[in-house]
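Protein chains in written order, with the working numbering: chain A, 166 to 283; chain B, 665 to 791.
Simulated from the structure, these hints should not be mistaken for laboratory data.
Everything numeric in this text was worked out from a predicted model, so none of it was measured.
Watch out, some of these pointers could steer you wrong.
Facing chain A, a subset of chain B residues (Cβ under 7 Å, in silico) [what the hints assert, rightly or not]:
no., residue
1, Pro683
2, Asp685
3, Leu692
4, Val695
5, Thr753
6, Glu756
7, Lys759
8, Arg760
9, Ser769
Cβ atoms here follow ideal geometry from the backbone N, Cα and C, with glycine treated the same way.
Below, each chain spelled out in residue letters.
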Amino acid sequence: MSETCKIAVERRGDVAVFWTDGYINNQGGEEIARQAYAQLESGARALVLNLEKTRIVNSIGISILIEVLEKVMDRKGSLAFCNLTPTIDKTFRIMGLAQYAAIYLTQEEALKAVAATG
Amino acid sequence: MEIVATAQASALGEFIQMPRDKIDEVKLAIVEACINAFEHAHTRDDRVHLTFRVGRDEEEGPEFLEVEVLDQGEGFDHSMVDPPSPEKTFHEGKKRGWGLQIIRSLMDSVAITSGDWGTRILMRKYK
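My request is simple: use the sequences and hints to build the entire structure.
Rendered as C-alpha cells:
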C-alpha cells in the first residue's frame, strides 16, 4: 500500500470520471476534493469515482468524500462510485455514504446511470 | 506509520493464507486504531506500539490474525463515546469519530481496555 494516491480525471461531456490509485487518506481525499471542485466549477454535473486501484480508504478520506458529495448534492448534481473492493463497499455502507451516493459494480454501469439523471 | 503496520498485517495474513478481502479489513482496522491513538491519546512518548500474533483457539480451529494496538496516552472511557451515525454525519456535520465503529464492524472480536496508563485495543480476525 502506497502512502500516496494518484488521481487521473477525464471529462466526458458534463460528467467527470476520476480514477484513483492507492491509499485514500486525508491527503488523497483532499486532492480528490480539490479536483472535484474544479470540475464542478467548470460545469461538470456528475462525478464518477472509479476506485478500482484503491484498496483502503480511511475514515478521514471518507469524511472528505462526504463533503464532496454534499457539494454535489447542493448543486443538484450526482456522484457515483464504482469498482469498490468489498472492504471499501462495507465501510461506505457503515458510514452512510451509500445512502446518498450511488454505488455500481462497473464504470459502464455508473456512466449509464449518471447519464440517465441528466 | 500506519502504512508500515498494514504491510506487516499483509505479510502475516498471506502467511496464514487469509483471503485478501479479510486482510484488507484487518489493514483498515489497524489504520483506524492508529489514527485514534495519534489524534486522541496525547501520548507521553508520541509512540504507538503494535504487536501481531497468529494462532488458533483450538488445535483444529481456524487460524486467526490478532493485532494489539497500545498507546501510553491519557486513556478514555469508551462507553462514554457518542456513537456516530449517518444522520449525524450528513445532517449535523459530525463527519469524524467513526474509527471504533469501523474497527468493531470489520474485526471478529475487539477488546478495548483503557486507563490512566493508556489504551489497548486487542482485535482479532479469523481466517
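So, going through the hints one by one against the coordinates:
1. At a threshold of 7 Å, the smallest CB-CB gap from Pro683 (chain B) to chain A is about 10 Å, leaving the interface hint violated.
2. Taking 7 Å as the C-beta cut-off, the interface hint given for Asp685 (chain B) holds, the closest approach to chain A being about 5 Å.
3. The restraint placing Leu692 (chain B) at the interface with chain A holds, with a minimum CB-CB distance near 6 Å, inside the 7 Å limit.
4. For Val695 (chain B), the suggested interface contact is upheld, since its CB lies about 5 Å from the closest CB of chain A, less than 7 Å.
5. Below 7 Å, beta-carbon pairs count as interface contacts, and Thr753 (chain B) has one with chain A at about 6 Å; its hint therefore holds.
6. With a cut of 7 Å, the hint placing Glu756 (chain B) at the interface with chain A is violated, because the nearest CB-to-CB distance is about 12 Å.
7. Among the interface hints, the one on Lys759 (chain B) holds; its C-beta lies about 4 Å from the nearest C-beta in chain A, closer than the 7 Å criterion.
8. Below 7 Å, beta-carbon pairs count as interface contacts, and Arg760 (chain B) has one with chain A at about 6 Å; its hint therefore holds.
9. With a cut of 7 Å, the hint placing Ser769 (chain B) at the interface with chain A holds, because the nearest CB-to-CB distance is about 5 Å.
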